[in-house]
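8 protein chains.
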Amino acid sequence: MDEIKEILKKVNNSELDCQEAKKLIERNYFADLGDAKIDHHRRIRCGFPEVIYCAGKTANQLKRIASEIYSSGVSVVGTRADSHAYKAIKEVLKNAIYYQEARIVCAENNPVRKTGLVCVVSAGTSDLSIAEEAAITAELSGSKVERIYDVGVAGIHRLLSYKNMLEKAKSVIAVAGMEGALPSVIGGLVAVPVIAVPTSVGYGASFEGVAPLLAMLNSCAAGVAVVNIDNGFGAGYLASMINRRK
Amino acid sequence: MDEIKEILKKVNNSELDCQEAKKLIERNYFADLGDAKIDHHRRIRCGFPEVIYCAGKTANQLKRIASEIYSSGVSVVGTRADSHAYKAIKEVLKNAIYYQEARIVCAENNPVRKTGLVCVVSAGTSDLSIAEEAAITAELSGSKVERIYDVGVAGIHRLLSYKNMLEKAKSVIAVAGMEGALPSVIGGLVAVPVIAVPTSVGYGASFEGVAPLLAMLNSCAAGVAVVNIDNGFGAGYLASMINRRK
Amino acid sequence: MDEIKEILKKVNNSELDCQEAKKLIERNYFADLGDAKIDHHRRIRCGFPEVIYCAGKTANQLKRIASEIYSSGVSVVGTRADSHAYKAIKEVLKNAIYYQEARIVCAENNPVRKTGLVCVVSAGTSDLSIAEEAAITAELSGSKVERIYDVGVAGIHRLLSYKNMLEKAKSVIAVAGMEGALPSVIGGLVAVPVIAVPTSVGYGASFEGVAPLLAMLNSCAAGVAVVNIDNGFGAGYLASMINRRK
Amino acid sequence: MDEIKEILKKVNNSELDCQEAKKLIERNYFADLGDAKIDHHRRIRCGFPEVIYCAGKTANQLKRIASEIYSSGVSVVGTRADSHAYKAIKEVLKNAIYYQEARIVCAENNPVRKTGLVCVVSAGTSDLSIAEEAAITAELSGSKVERIYDVGVAGIHRLLSYKNMLEKAKSVIAVAGMEGALPSVIGGLVAVPVIAVPTSVGYGASFEGVAPLLAMLNSCAAGVAVVNIDNGFGAGYLASMINRRK
Amino acid sequence: MDEIKEILKKVNNSELDCQEAKKLIERNYFADLGDAKIDHHRRIRCGFPEVIYCAGKTANQLKRIASEIYSSGVSVVGTRADSHAYKAIKEVLKNAIYYQEARIVCAENNPVRKTGLVCVVSAGTSDLSIAEEAAITAELSGSKVERIYDVGVAGIHRLLSYKNMLEKAKSVIAVAGMEGALPSVIGGLVAVPVIAVPTSVGYGASFEGVAPLLAMLNSCAAGVAVVNIDNGFGAGYLASMINRRK
Amino acid sequence: MDEIKEILKKVNNSELDCQEAKKLIERNYFADLGDAKIDHHRRIRCGFPEVIYCAGKTANQLKRIASEIYSSGVSVVGTRADSHAYKAIKEVLKNAIYYQEARIVCAENNPVRKTGLVCVVSAGTSDLSIAEEAAITAELSGSKVERIYDVGVAGIHRLLSYKNMLEKAKSVIAVAGMEGALPSVIGGLVAVPVIAVPTSVGYGASFEGVAPLLAMLNSCAAGVAVVNIDNGFGAGYLASMINRRK
Amino acid sequence: MDEIKEILKKVNNSELDCQEAKKLIERNYFADLGDAKIDHHRRIRCGFPEVIYCAGKTANQLKRIASEIYSSGVSVVGTRADSHAYKAIKEVLKNAIYYQEARIVCAENNPVRKTGLVCVVSAGTSDLSIAEEAAITAELSGSKVERIYDVGVAGIHRLLSYKNMLEKAKSVIAVAGMEGALPSVIGGLVAVPVIAVPTSVGYGASFEGVAPLLAMLNSCAAGVAVVNIDNGFGAGYLASMINRRK
Amino acid sequence: MDEIKEILKKVNNSELDCQEAKKLIERNYFADLGDAKIDHHRRIRCGFPEVIYCAGKTANQLKRIASEIYSSGVSVVGTRADSHAYKAIKEVLKNAIYYQEARIVCAENNPVRKTGLVCVVSAGTSDLSIAEEAAITAELSGSKVERIYDVGVAGIHRLLSYKNMLEKAKSVIAVAGMEGALPSVIGGLVAVPVIAVPTSVGYGASFEGVAPLLAMLNSCAAGVAVVNIDNGFGAGYLASMINRRK
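Chains A, B, C, D, E, F, G and H supply the protein sequences, listed in that same order.
Letter by letter, the first sequence follows residues 9 to 254 of the numbering used here.
Letter by letter, the second sequence follows residues 9 to 254 of the numbering used here.
Letter by letter, the third sequence follows residues 9 to 254 of the numbering used here.
Letter by letter, the fourth sequence follows residues 9 to 254 of the numbering used here.
Letter by letter, the fifth sequence follows residues 9 to 254 of the numbering used here.
Letter by letter, the sixth sequence follows residues 9 to 254 of the numbering used here.
Letter by letter, the seventh sequence follows residues 9 to 254 of the numbering used here.
Letter by letter, the eighth sequence follows residues 9 to 254 of the numbering used here.
Calculated from the structure, these hints are not laboratory results.
Just to be clear, a hint being listed does not mean it is correct.
What the hints assert, rightly or not - List of simulated lysine to aspartate or glutamate pairs, DMTMM-like, C-alpha gap at most 25 angstroms:
#1 Lys171/B x Asp25/H
#2 Lys17/C x Glu109/B
#3 Lys18/F x Asp25/D
#4 Lys17/D x Glu23/F
#5 Lys71/D x Glu109/G
#6 Lys71/H x Glu99/B
#7 Lys171/G x Asp25/D
#8 Lys71/E x Glu109/E
#9 Lys18/A x Glu109/G
#10 Lys18/H x Asp25/C
#11 Lys171/G x Glu14/F
#12 Lys18/H x Glu109/A
#13 Lys95/F x Glu76/F
#14 Lys122/C x Glu175/B
#15 Lys71/B x Glu109/B
Using the sequences and the accompanying hints, generate a full structural model.
Shown next, in the form of structure tokens:
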């Protein structure tokens with residue numbers, strides 16, 4: 009928070025009066041677009057740009073927010089983006105590209121260098137969309153990613169044949185619906201954090217992802233933590249955060 | 009239902025009037041102890057004696073019911089039996105023995121010959137009581153049983169080392185709390201029915217066994233069916249039923 | 009697992025180096041289609057081919073997976089198949105046929121001989137689709153099937169009139185929504201395993217099948233096990249597994 | 009509401025001023041004991057005295073309330089009464105008697121004549137306490153009662169053998185825990201209202217009576233209505249209300 | 009069950025052999041349409057014809073079932089009927105009429121004479137559809153009906169002004185969504201059974217009718233019983249059953 | 009309730025007979041439109057006109073109700089109004105205007121003077137619609153409103169920069185989905201009532217607003233109360249009620 | 009926040025260096041007792057002292073916290089206090105008194121003058137403890153309180169007879185378990201905020217207070233807001249906050 | 009997995025026959041104590057010793073398991089240990105010490121060197137036990153720990169004053185009950201992973217920790233993952249795993 013210290017020093021040196029100082033500090037913190045407040049300090053605080061959750065935002069809101077973020081010199085990442093959201097952002101940011109399976113729009117700006125390996129493992133082919141959301145997010149936030157898909161526990165040998173690759177990862181993202189057992193098995197195989205992502209794939213007593221969510225929270229393997237149902241983005245982001253640690 | 013046919017024939021031959029016939033058929037069906045009706049026909053219909061669910065029954069009720077069943081020539085099996093229930097039954101049936109871990113009382117009467125193998129597999133040592141309820145029930149109803157305990161999925165190699173034994177079974181009972189992943193993994197390893205028993209072992213988001221129950225109902229392995237939380241008895245009974253099939 | 013032993017022997021005899029052996033074992037296990045891994049060993053392990061859960065898969069995924077399975081010499085069975093899924097599979101497998109009510113596509117390949125009787129019983133006409141999914145699955149996996157439909161417990165004489173047929177079955181599949189009482193009544197009538205299938209038919213406090221699911225899990229009849237809500241496939245598969253037991 | 013009309017007429021005839029009239033009407037309505045307000049008009053409105061729900065009330069509260077009700081000339085009925093509650097009421101009302109199984113205390117005062125038949129049917133011996141609460145309540149509020157206990161649906165012939173008696177009833181109370189199927193079967197057998205009482209008997213996925221509650225609400229038989237879990241009192245009261253209809 | 013007795017007598021007199029007798033009894037019981045079994049005995053057992061739950065049935069099923077019921081000499085009542093269902097039934101039964109608000113189709117056949125008063129009370133105008141389902145059902149099954157709509161408890165004087173009419177009813181149907189308080193207030197005003205119908209009207213923490221369902225089950229007024237969420241039919245049917253009691 | 013007293017006096021003076029008096033009192037209370045009963049006394053009792061919940065009402069119902077309310081001299085406010093509802097009301101009340109974001113229609117009639125400040129604070133831009141419903145409602149019922157949007161707790165400095173404005177409010181409405189933490193933080197910053205509105209914004213374990221609802225009910229800050237999920241109207245109405253207190 | 013401004017001015021005037029200023033600001037904010045941080049500024053921010061939630065705190069923790077709060081010149085209020093908690097606080101604060109029914113300990117220190125009326129209304133005598141918690145809290149935080157107990161909606165005339173008193177209140181606290189209908193009825197009678205407190209009184213489908221909680225959240229009366237189950241303290245605190253508003 | 013490779017090489021060199029090799033591999037993997045299987049390879053695979061979950065284990069089981077683990081050369085850590093569990097382990101391992109608040113027993117054996125900082129932050133003093141479980145676990149598995157307790161969000165300045173310390177951590181553990189908002193606020197302040205631990209502290213609509221669990225899963229801050237309710241151990245273990253990453 010060096011900027012704040014600088015401002016306080018100026019107050020001390022009477023280079024700034026109190027009223028002015030207050031405004032400066034606030035302005036430094038976020039850009040007020042009326043119904044949206046862009047958090048420019050976030051990059052300093054957290055190391056990643058503020059991400060746009062596109063669902064439920066109008067084309068106009070998306071354009072204003074995307075422009076504001078991009079103009080501050082960082083990449084724009086939009087999640088839960090359908091083709092309309094993509095078009096809106098593309099209009100103001102020509103270099104925007106669309107990862108359809110992952111429902112992510114990205115306009116890179118001073119992209120980060122990729123380091124460290126994250127394995128994204130999924131139980132079934134139906135979990136693909138969420139697994140890709142995790143994988144793309146991890147890549148955009150600075151990680152190398154290996155995808156290991158359709159290796160659910162009912163054919164355990166499929167997963168076991170990837171043990172070597174899993175052991176090279178700095179963290180593993182395990183994506184699964186139905187009984188959600190994948191993170192427990194992986195947690196017993198490797199010595200790195202496992203980020204579990206329950207998916208809403210399934211029917212009946214899956215209850216839109218409640219079954220794998222509960223299973224993952226009750227994992228008998230230590231070293232497993234869980235994010236929200238279908239929250240591939242959160243898992244990818246956290247994996248990079250673990251990965252980038254100085 | 010040959011007895012019923014016999015009675016109907018006698019009606020036809022005027023050896024019995026209708027009023028009498030009705031009574032006979034009913035008497036044949038169950039013994040009325042007032043607040044309990046012992047279902048003697050069950051043995052004929054289903055092959056097993058009626059089992060006493062001991063929880064919530066008074067010592068007097070237990071004695072009357074146990075005597076009535078035993079006197080009809082079959083074994084008495086009491087589940088969810090604490091030491092008081094055991095004492096009550098022991099008073100009227102001297103050969104009664106108590107399986108404490110399994111909370112089962114049994115007084116055998118013309119015991120069945122054991123055939124066929126049932127594997128009872130448990131995820132943790134805390135599931136022991138329910139696993140034993142399943143194992144003892146399966147034995148008392150005519151199955152040979154192998155116990156494979158504490159082989160949860162977070163150390164998958166422990167389970168895999170028992171693959172040969174599992175392949176010899178005619179059905180497998182998989183007992184697990186927490187994430188309840190054991191039946192899915194076993195279901196992918198063997199070609200026989202897997203009876204899944206969720207247990208209430210755990211805390212927090214286990215919700216007294218809801219987490220493994222949902223996981224098991226959503227098993228991605230085919231050939232898995234589920235019984236009630238902590239229902240070791242039901243699993244053991246069903247395993248023998250599958251086992252004994254002509 | 010004789011193939012694996014063979015490979016190990018060759019390693020022992022230096023006919024194979026370790027690197028090669030590892031690859032062979034893995035290849036033997038599954039076919040890697042990228043986002044799907046076909047489990048060819050499953051047939052050996054479990055006796056049935058891997059079944060395709062069609063919901064949520066693209067036409068291209070379905071074609072690739074169906075071809076891969078069929079080319080290995082076994083029948084292809086696709087569940088939760090709408091007409092688009094049928095068309096996709098039909099394009100690559102000309103002998104594919106569509107059971108519309110059951111939402112199943114099947115292209116038979118060395119079909120199994122049907123043995124043993126499975127009764128599929130449903131409570132109402134609205135449960136038909138799930139009952140048919142169970143019945144067709146049981147037939148395709150080698151069972152003879154008798155259908156007894158619309159015999160719910162509120163007109164108990166309808167069910168009782170089929171008692172003779174039920175007694176001939178090697179297992180009974182009981183399909184019911186609403187109060188889900190059918191399996192309990194059947195479980196008291198017959199001496200064979202009853203596989204209970206709750207359906208999402210109903211409204212209000214049925215909660216999309218939760219009411220019959222809970223009822224079935226709490227069945228007072230022993231010998232009853234439960235599969236997921238609307239999981240006709242799972243019930244049919246398990247019934248054949250019980251049926252085929254050597 | 010003739011008393012009110014009388015008061016209004018007196019106002020009209022200037023025999024009463026408005027202030028007085030208001031007080032009279034209110035006093036007529038209930039007796040204010042401070043933390044309890046005894047509803048004497050209820051007997052006029054509803055035909056039964058106000059019943060005391062004993063659980064959670066102190067001995068002093070019970071004594072004051074019981075005395076107040078009894079002094080107005082009607083019977084006192086206390087539900088959910090343990091032995092302490094009984095002692096407290098017995099102290100002030102010497103003719104109080106205690107139905108232990110039903111947890112009901114009663115001090116009769118101008119008891120009603122019993123007419124009409126109510127059948128109280130229970131699924132198991134563990135439901136006895138709730139079934140007795142229903143039966144005693146129905147008797148105390150003016151019905152003849154027949155008890156048919158331990159006739160759950162897993163031995164359907166037990167219930168069927170009581171069909172004649174059921175057909176004579178003016179309403180049937182069906183008490184069941186576990187899968188709660190009894191009301192549906194009875195509803196299909198008789199042409200009178202069936203009052204369903206779910207009980208908290210059971211374990212695991214019974215969820216303290218939720219399973220039979222949902223089953224009963226989803227009954228496929230018409231003519232079934234449901235009261236709260238373990239609410240034997242409410243069922244007995246309603247049965248008499250139906251029974252007494254002019 | 010006089011028909012059955014007749015058949016048994018004939019067996020006794022050797023006018024019928026056993027095989028024939030069995031068939032006769034069964035045929036007497038229901039008409040088998042394959043996927044539907046029409047329960048002709050129901051009218052004898054329960055006093056009402058079997059009602060068709062139209063949702064989820066095809067036009068063909070509806071036609072076959074409606075014809076079969078009508079041809080047995082009783083009225084046809086179809087619930088949850090959309091305009092397609094109406095058209096289908098109209099095709100085979102020309103006198104069918106459609107109560108759109110209530111979603112009921114009816115083709116009367118020897119209609120019953122209406123006796124006794126049922127009050128149908130609703131909390132809001134949004135509950136109208138369910139209230140009408142209850143009202144029409146009660147009328148078709150032989151009751152006179154008074155409708156008192158939009159008298160929810162937040163303007164309690166509206167309800168109180170109908171007290172006289174409520175006191176004339178033989179039973180009251182109380183239909184309410186949201187907080188579902190109507191049945192409790194009415195239960196305190198009248199001395200007749202109150203049948204409570206929770207509706208799915210509302211949003212948020214109404215949880216599709218769970219809020220009023222729970223409120224009604226916990227009613228502090230005695231004499232209240234509850235049917236399924238949105239089950240206007242069940243309430244109307246039960247009200248007539250109470251009404252018609254000899 | 010002076011009108012009632014007047015009527016009672018006239019009865020006393022024999023200026024009115026009892027029958028007439030009863031009718032007058034009722035008529036004074038509400039206008040009966042058949043399926044809707046307009047509560048004209050409400051304005052006197054509660055200070056606000058009866059509000060129309062537009063969802064699920066037909067155009068005709070809306071017109072009749074809106075006209076009746078307006079003709080009594082107060083403003084008409086319709087919530088959950090789509091464009092069809094707006095058109096219907098506009099037809100009969102030409103001065104009706106439509107707040108699209110808030111889904112509110114209003115035709116003002118003797119509008120109240122605005123006094124006192126209410127702050128409406130929202131966590132994200134996706135909560136805008138509910139926040140606007142609260143803000144417009146508060147304005148229409150007589151409050152001045154300041155909007156502070158998109159100041160969720162994950163960038164706490166954004167909220168803190170509005171502390172001065174918050175301290176000037178007479179009550180604060182805090183609108184939030186997801187983890188619903190906003191009311192707790194605000195409750196710790198200000199000394200006035202905080203009305204918390206959970207929104208259904210979010211996905212997965214948000215369970216349509218259950219997550220923020222529970223969070224808000226468990227707020228560790230005192231002075232927080234909660235309204236239904238997405239109930240912006242209720243919050244705005246309550247804020248004005250607090251605001252207007254004499 | 010004048011203290012902070014003072015400090016900032018001193019920084020400006022070089023009367024304070026930055027390091028010192030930071031410490032001063034923090035110290036001003038709270039007292040650090042290690043495992044507890046007493047929030048002395050809260051009184052300035054919110055107008056009430058920090059309240060101690062006694063449940064789960066050791067005697068030592070209670071003594072230290074109570075002393076620290078009292079020494080700052082404000083009253084100490086401890087909620088959910090059993091007799092042990094009372095003894096502990098009494099040891100260090102001799103003027104502490106214990107409201108047993110309300111489970112509140114209080115040692116007054118410069119007590120506030122009581123102004124404005126709050127009505128605390130309860131549905132049954134079993135809700136007394138929570139109602140008293142609300143009443144005592146409201147009194148201790150500066151309100152006059154009227155108690156109206158045991159006036160549940162099943163005897164609606166009891167509540168109506170208190171209408172005059174309710175109309176004099178500045179806010180009403182409505183405490184109810186079971187169906188939780190009281191706040192809706194009161195909300196329709198008065199023109200002031202109604203704070204609804206669901207209680208865990210009841211059994212079965214009350215689900216420890218979930219039934220009244222949902223009912224209250226769905227109240228059809230506007231002007232109602234809800235606090236946590238059994239949170240009498242929160243309701244009393246909020247009522248005083250509304251009451252004291254300048 | 010170098011040991012396995014060594015064994016395979018020996019097979020290749022005919023230094024081992026296949027039968028022997030299989031046994032060796034298995035023995036290497038775990039120690040079979042009958043009802044418990046100690047996973048010695050876990051330390052190699054995962055870097056931590058197998059931890060004993062003490063709840064529900066007998067003194068004998070604890071002794072055998074603790075001895076077996078200790079004898080393999082690693083530290084023994086027992087969680088959810090009451091004083092009986094401590095005594096049992098102390099008997100066989102004299103250097104065992106007991107962290108009472110954290111309910112952890114530990115007998116160190118070649119303890120790891122502590123590196124890197126983990127901040128354990130708790131919302132209230134009632135969360136202390138779980139926070140300590142997390143802190144002790146993190147220390148025993150090799151992390152330096154700073155404790156920041158009682159800094160819940162309703163007094164946000166308390167947390168903000170620790171911002172400097174939080175910024176130095178390599179990961180933060182946020183422990184909170186009630187509304188569970190702490191992780192979201194911290195997640196917005198720091199650029200490292202936040203591990204959220206919901207606690208069962210609270211009452212009513214906290215539902216034993218469900219409220220904070222859902223809040224944390226829905227955190228609007230990225231970089232937050234969640235473990236089971238009250239799972240302080242899991243959080244501490246994961247924090248060290250992140251911390252130790254090479």
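Ascending list of hint numbers which this structure does not respect:
Per hint list: 2, 6, 9 and 12 violated.
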